[in-house]
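Engineer: Residue-level listing of the chains:
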Amino acid sequence: MEKKIYLDNAATTRTRPEVVDAMLPYFTEKFGNPSSVYEFASQNKKAVDEARGTIAKALGADITEVYFTGGGTEADNWAIKATAEAYKAKGNHIITTKIEHHAVLHTCEYLEKNGYEVTYLDVDEYGIVKLDQLEKAIKPTTILITIMFANNEIGTIQPIKEIGEIAKRNKILFHTDAVQAFAQVDINVNDMGIDMLSASAHKLNGPKGIGFLYIKKGVKIRSLIHGGAQERQRRAGTENVPGVVGFGKAVEIAMATMEDRAKKEIELRDYLIKRVLAEVPYTRLNGDRVKRLPNNANFSFQFIEGESLLIMLDMNHICASSGSACTSGSLDPSHVLLAIGLPHEIAHGSLRLTLSEDNTVEEIDYTVEKIKEIVDKLRKMSPLYEDFTRKR
Amino acid sequence: MEKKIYLDNAATTRTRPEVVDAMLPYFTEKFGNPSSVYEFASQNKKAVDEARGTIAKALGADITEVYFTGGGTEADNWAIKATAEAYKAKGNHIITTKIEHHAVLHTCEYLEKNGYEVTYLDVDEYGIVKLDQLEKAIKPTTILITIMFANNEIGTIQPIKEIGEIAKRNKILFHTDAVQAFAQVDINVNDMGIDMLSASAHKLNGPKGIGFLYIKKGVKIRSLIHGGAQERQRRAGTENVPGVVGFGKAVEIAMATMEDRAKKEIELRDYLIKRVLAEVPYTRLNGDRVKRLPNNANFSFQFIEGESLLIMLDMNHICASSGSACTSGSLDPSHVLLAIGLPHEIAHGSLRLTLSEDNTVEEIDYTVEKIKEIVDKLRKMSPLYEDFTRKR
Amino acid sequence: MYTEKVMDHFSNPRNVGEIENASGVGTVGNAKCGDIMRMYLDIDETGVIQDVKFKTFGCGAAVATSSMATELVKGKTVEEALKITNKSVMEALDGLPPVKVHCSLLAEEAIHAALWDYAEKNNIKIEGLEKPKSDIHEEEETIEY
Amino acid sequence: MYTEKVMDHFSNPRNVGEIENASGVGTVGNAKCGDIMRMYLDIDETGVIQDVKFKTFGCGAAVATSSMATELVKGKTVEEALKITNKSVMEALDGLPPVKVHCSLLAEEAIHAALWDYAEKNNIKIEGLEKPKSDIHEEEETIEY
Ligand SMILES: Cc1ncc(COP(=O)(O)O)c(C=O)c1O
Ligand SMILES: Cc1ncc(COP(=O)(O)O)c(C=O)c1O
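Chains as they are written, first to last, in UniProt numbering: chain A, 1 to 392; chain B, 1 to 392; chain C, 1 to 145; chain D, 1 to 145.
Simulated from the structure, these hints should not be mistaken for laboratory data. Think of the CB as a built atom: it goes at the ideal place given N, C-alpha and C, for glycine as much as any other residue. Hints are not guaranteed to be accurate.
Straight-line Cα separation of at most 25 Å, SDA-like style, residue types lysine to any residue; simulated pairs [claimed, not checked]:
#1 A:30 <-> B:252
#2 A:30 <-> B:314
#3 B:113 <-> A:223
#4 B:46 <-> A:262
#5 A:291 <-> A:315
#6 B:220 <-> B:93
#7 A:3 <-> B:43
Label pairs and their in silico Cβ distance ranges [unchecked claim]:
#8 A:341 <-> B:46: 34 to 44 Å
#9 B:233 <-> A:131: 30 to 40 Å
#10 B:190 <-> A:291: 47 to 57 Å
Chain A extracted, bound-state conformation:
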């Protein structure tokens, strides 16, 4: 295969070689079960707790507040379902937004089928939650506010601290899906009033299949996965030691490089945005210009359809995404783009490019040229463009 240009870091990231190196001994050498009593295995318990400590530090949390899961989705499911169950006596109302990841949305829909009431908050045209709407949505029966830290499609960062304050003032638990934000932007769970937070290693150059849920001390929440006494009896199942160790290493590196990385990514991202908007007509940038993830650019190209665009980019060895990865193949346009007010035909023509610090200006230049060519080609075959030019 020719050299590819990977611009889909919101879907998943390359596991860093240093991370793999850190994991390797735990497969074939230090392979013991951390729950075993013998010395050979107890070193693994130590390794798991070291990773836990690294993650706790990255959040400004205590080491006892971090619980490993099988990924971001499980963490979201856990936070929402188990809170719903634990606080049933208090109420049955949950507040979330229309732009959450499906891990949150479908979990909420599941709860709706089981007697819970869910309010899906609107967002403004930039994808930001309206705080006054949030305040108004709160009822005596509200037991949970779950609002994502940063959106996976358009990169918009929510006013988490303000949401945390509203939650605290109203004595409601606040969970945030930080799968896209953790170790990318500054997070301090205490300063921000976060009671629960989900994250996933493979979004930050760690391995797939490992995530965590931060649960503030004192928050009573049930288990989602019952069984052995692992994770302080809150999440059963033999610990994924290599995964945990890899996660720890990835966080260690991501936190150490966060500032420089963000700076580099923002520069490249802004260059990309500037060129695309200037050189491709009938194009808009989705999401907020400033309150957005350092590596996210999301465009809508009028008159063309996203999948065609993606395949043609792929034929030019450029990896990109339209909606979120796990829903491509579905026929519905992105719920996030609809929520920020895009009409269907324009939502269908969207492209998400999510950078990493490894991308170069040359790659961006090449990508922009290809986008221009392809958009032009697709518009020439588009009946919508034909209608538009006729009307003019």
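Let chain A serve as the given structure and place chains B, C and D with the ligands on it in line with the hints.
Structural biologist: Coordinates of chains B, C and D with the ligands only, in the frame set by chain A:
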């Protein structure tokens, strides 16, 4: 550290170097998200489905019937909770046994708190379910029978085919926790009338943090983890590609070597059992002499306590287990040993040795010598032994 | 995901374009579903389809099925063209992924819609052709850039 | 899991054994919980503990606390021995894991039980010593091998 003797393969196993080699490219090279449309990622989808095919073949199942999970515990939770939910209209009664792994037992207890009725079947002194009791336990409201394939502590293998027939005759779903049995003994889901089956990679020289649930075509069961459309919309979350690939490789090897391996393990196991029973007085073998996993030996040494024995073995670089790994540290004696009728004091003095094909006769000889020494030492400090000798 | 044939027709679509004063033009699908196909037919006095062009807004499968459909109708009589089903389009492409089957339906409908337009313009009735139901049934509001 | 001190006392327990015609013997704990401690005291006429031995059925912590307890009482007067608490045993061992704290309680109780036996045998009353409640409260049925 000096060379260790690892005799705790029921707790977890060493990941095979070939398995790690198979996984490695999926961390740093082929790291794409299988749900992405571009070629670079779709090769990962293929890799995942190849592993799925290997596993399906090992079960005599169809490739569309295998769903990856974050481990054996998640698979058990999924099978039981989601069946309970899906068949709520039909009934609320579940049948299981007293000797299940906590992943099953605690899930059943959770359901009991939520309006379900659970029958915990007794087992005989060898740990085998009484089929007439099973038949008698069935009610019009019974929706699920969940009985483990082989026990993790005493290694007893259940009459799965007979149980499957009873389930089928009564039109009740049958789930089996095969975490200890999969790829160790012959399994054919169709011949055995199994509707759902759980397994976990790290028990068969695969990586930790990956498992699967087999779900027979046509079995309606809900999701446990909601979100993206992965695993045919039944289990959300970005696929753990390296984990899945490693699982596939581990199964491929385990199936190819099963017969030889079992033969070797049984020989070594029987040698171990024979020596221990002959050379350590007041000792019994727990579990069935014949219907047992090839690699499992479980002894009770009267008058002594298991943890002390384990620590002293550990001081001699022998890794072993008393109850199951994830409950050591708890003060209760093994529920399995109590269920086969052992009194508490004897259940407390149990030792599980689970072999692998890598163990040698020399290791077993050394271990037997050490067991003799340690049991002797501990008995000399035991007030129970003092009482016993005085009484004689 | 796609067969080689689909990829070929997607990357080098045949008969893209418009026909001035076409004998029949049909547009089916809608932006909401993400697929719009427009087919132009040039039909001579003997009822033979002399030329065909298309424009498509849609996924890879939509483009490929449109392209293949134009190849299949070209040179056919109206009656023969009518017999082209979504199955024949799919088969000619060596198959489509299950989620994309609807695209081939759209191609069939696009042919029918263009033929219907031709019949209406010429005030004739084509045996077995019904008024196509699919069409852009709602104009989406446009937004400002 | 265990401190070095615990591991030391576990692997080389001090004062294991029995004392023939001991001044006092106490047995506490029960097999159900997995811990039984028996302590033998040899106390001279002046009330000084001249010798002490123990036997323990139990986990590493149980053995280590028993051993440490014997070291702490040896040479002490009855009154001094009475002041030895589970906390002093734990401290002397540099701590115990939370799930094992109950073992140190057992050690304290074993001393008390042995002293109680001594007091009963000699028909004296030891100020501050209450009849220990813990004991083997049920004989488990034995099974055949
Ligand atoms: C915002 C957000 N939440 C949750 C998830 C789910 O994480 P995972 O796929 O690791 O389970 C993702 C990514 O897929 C995400 O972007
Ligand atoms: C019989 C049995 N079931 C379930 C499990 C749970 O598997 P895991 O720890 O991989 O979640 C185990 C092992 O821990 C087991 O032995």
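Engineer: Do the beta carbons of residue 341 of chain A and residue 46 of chain B sit within 34 to 44 Å of each other?
Structural biologist: 38 Å, holds
Engineer: Below or equal to 25 Å on CA atoms is what counts here, so check residue 113 of chain B against residue 223 of chain A.
Structural biologist: 13 Å, holds
Engineer: Would the pair residue 291 of chain A and residue 315 of chain A pass a check requiring their Cα atoms to be no farther apart than 25 Å?
Structural biologist: 33 Å, violated
Engineer: Below or equal to 25 Å on CA atoms is what counts here, so check residue 3 of chain A against residue 43 of chain B.
Structural biologist: Holds. Residue 3 of chain A to residue 43 of chain B sits at ~16 Å (cutoff 25 Å).
Engineer: For the pair residue 233 of chain B and residue 131 of chain A, does the Cβ-Cβ distance stay inside 30 to 40 Å?
Structural biologist: 35 Å, holds
Engineer: With the threshold set at 25 Å, check whether the alpha-carbon distance from residue 46 of chain B to residue 262 of chain A stays at or below it.
Structural biologist: 34 Å, violated
Engineer: For a C-alpha distance cap of 25 Å, please report whether residue 220 of chain B and residue 93 of chain B respect it.
Structural biologist: 17 Å, holds
Engineer: So if I understand the rule, the pair passes when the alpha-carbon distance is 25 Å or less; does residue 30 of chain A with residue 252 of chain B pass?
Structural biologist: Given pair residue 30 of chain A, residue 252 of chain B holds - Cα atoms ~23 Å apart, limit 25 Å.
Engineer: Holds or violated: residue 30 of chain A with residue 314 of chain B, Cα cutoff 25 Å?
Structural biologist: 15 Å, holds
Engineer: Do the Cβ positions of residue 190 of chain B and residue 291 of chain A conform to the proposed distance bound of 47 to 57 Å?
Structural biologist: 56 Å, holds
Violated hints, listed in ascending order, are 4 and 5; each of the other numbered hints is respected by the structure.
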